[in-house]
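Number of protein chains: 2
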Amino acid sequence: MYYGYFNGAIAPTDQLAIGVTDLSLLRGYGLFDYFLTYNGRPFQWDWYWERFQNSASRMHLPLPLGKDETYAVVMNLVERSNNAIRTSGLATPIDVGFRFVLTGGYSADSISVVRPNLLIMAEPIHPVPLVQYELGIKVILDDYVREMAEVKSTDYKRVILMAEAIRAARASDLLYQKGGEISELSRSNFFLVKGDRLITPDKHILHGITRKTIIQLAQSDFKVEERTVLLSELYDADEAFTTSSTKRVLPVTQIGDLTIGDGHVGPKSKFLLERFDELVKAW
Amino acid sequence: MYYGYFNGAIAPTDQLAIGVTDLSLLRGYGLFDYFLTYNGRPFQWDWYWERFQNSASRMHLPLPLGKDETYAVVMNLVERSNNAIRTSGLATPIDVGFRFVLTGGYSADSISVVRPNLLIMAEPIHPVPLVQYELGIKVILDDYVREMAEVKSTDYKRVILMAEAIRAARASDLLYQKGGEISELSRSNFFLVKGDRLITPDKHILHGITRKTIIQLAQSDFKVEERTVLLSELYDADEAFTTSSTKRVLPVTQIGDLTIGDGHVGPKSKFLLERFDELVKAW
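Chains as they are written, first to last, in my numbering: chain A, 1302 to 1584; chain B, 1302 to 1584.
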């Protein structure tokens, strides 16, 4: 059983509910963030908090809790969820995902923001199937760019709307492009490898914390280029991969009908995944 | 006190709540519709139902209730809300607003749709202040176009995000334009009057039921043009107005720094508002 926090109260997640006049429900006005714990500790907490705060500020929503208070809630939920999940005397902490959701709050006229609602949930982590790391994934191109992509708003309509098209193509996700410029996958960032160059889009993207971590880890072995990336650059890429908190470094071996490199998971993607896994192991 | 329906249960609206794993909350995946009753009867019920059904189909969400079952729920809520609101032996029904919300439903992995959640709420009607019909309203131009505008998704982030800019300009709303083409206001359609021509955008808009009603009512007195409308056409318009279920026919007399016509509410706008009010009076 996992626990959550809603506006000051803590309860098992399946007992938490939000009133039906909330602006996220009525008007799509909400933002969120998501991170994991490793060894019971929130991964890159400072960076996630900074991004959450930035999203809130960009959407003009005052944060009901400060950083330290929020951290205390997070650790409280880690402990409660761990106590509830453990059936034996396990010594190692069970890691969880954390979802923060900040909404426009309850609104009498269904348009005016009065006071935001804050939800913090501990969740089971849904790991990516191992076979996807061995074979890489297929994605399909989608002519789309996220509105206010740099803000982690709750607007993820597009990928749900395209679920059937993704399944029909036997793909795992969408790769967004607009006017020939690549931005990101539906919920993760995108990288290309060409020789010792690591190339990743810098516009119309969510600035992923895993992306930032990988760029740091790559500094000594790659020439990192954060810049506009054109569709045409896919054709001579050696490798491609996507990054997110749950995907870590996940190879992309096919994009629509195009095979990336030789179609196998490449050594540079493996190398960066290993670096990342070493970092989190010692977190 | 107003009543609402949620997945089969009916209760006062302030007692209705939705679980926190709903995809409208987590991913902005939801759609809605809104209409009024006149003389206790849903206005243009057939058209609203058709649009709601169409939005649901476009977002791949199966409707949990059929048309007749839904109508029965609506009339049940009208009666309950009326009984609860009445303090004396009033004979005339109190009219209400109805909000239908259909969401992606609860999702264990926060992305997959399993079964939609359906919410139907009776609400108090928030009438437009009379002075706005006498003086007309000011709107400001916004370089924006709604994603999937023809679907009444819950995505109304933009107008909430721009609330401060609207206030600062002493305006009432936004008029969206992209590349010099006008689409709509944030929650209502847009019309121009030039001589005996009634002109309204036909693309990137929500196909408003009040818009459709006005076009019907205007047939015998106007030449109606549904087509692309350019920003440049604002300069020689005689009148402008906006339509929605709550705004009916609301004159727009100023757009940013531009005064429309002579800056007063024009006779054609008044004429169409009168025709509309006659129609609903006899509904």
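Calculated from the structure, these hints are not laboratory results.
Fair warning: there could be bad hints in the mix.
You can't tell identical chains apart in this list, so a pair holds if it fits in one copy or across any two.
[What the hints assert, rightly or not] Derived SDA-like pairs (lysine to any residue); straight-line CA-CA distance at most 25 Å:
1. 1368 - 1444
2. 1479 - 1526
3. 1504 - 1480
4. 1582 - 1363
5. 1368 - 1383
6. 1495 - 1482
7. 1571 - 1320
8. 1582 - 1450
9. 1479 - 1529
10. 1504 - 1470
Bear in mind the structure is a predicted one, so any value in this text is a computation, not a measurement.
Which of the listed hints are broken here? 1, 4, 7, 8, 10
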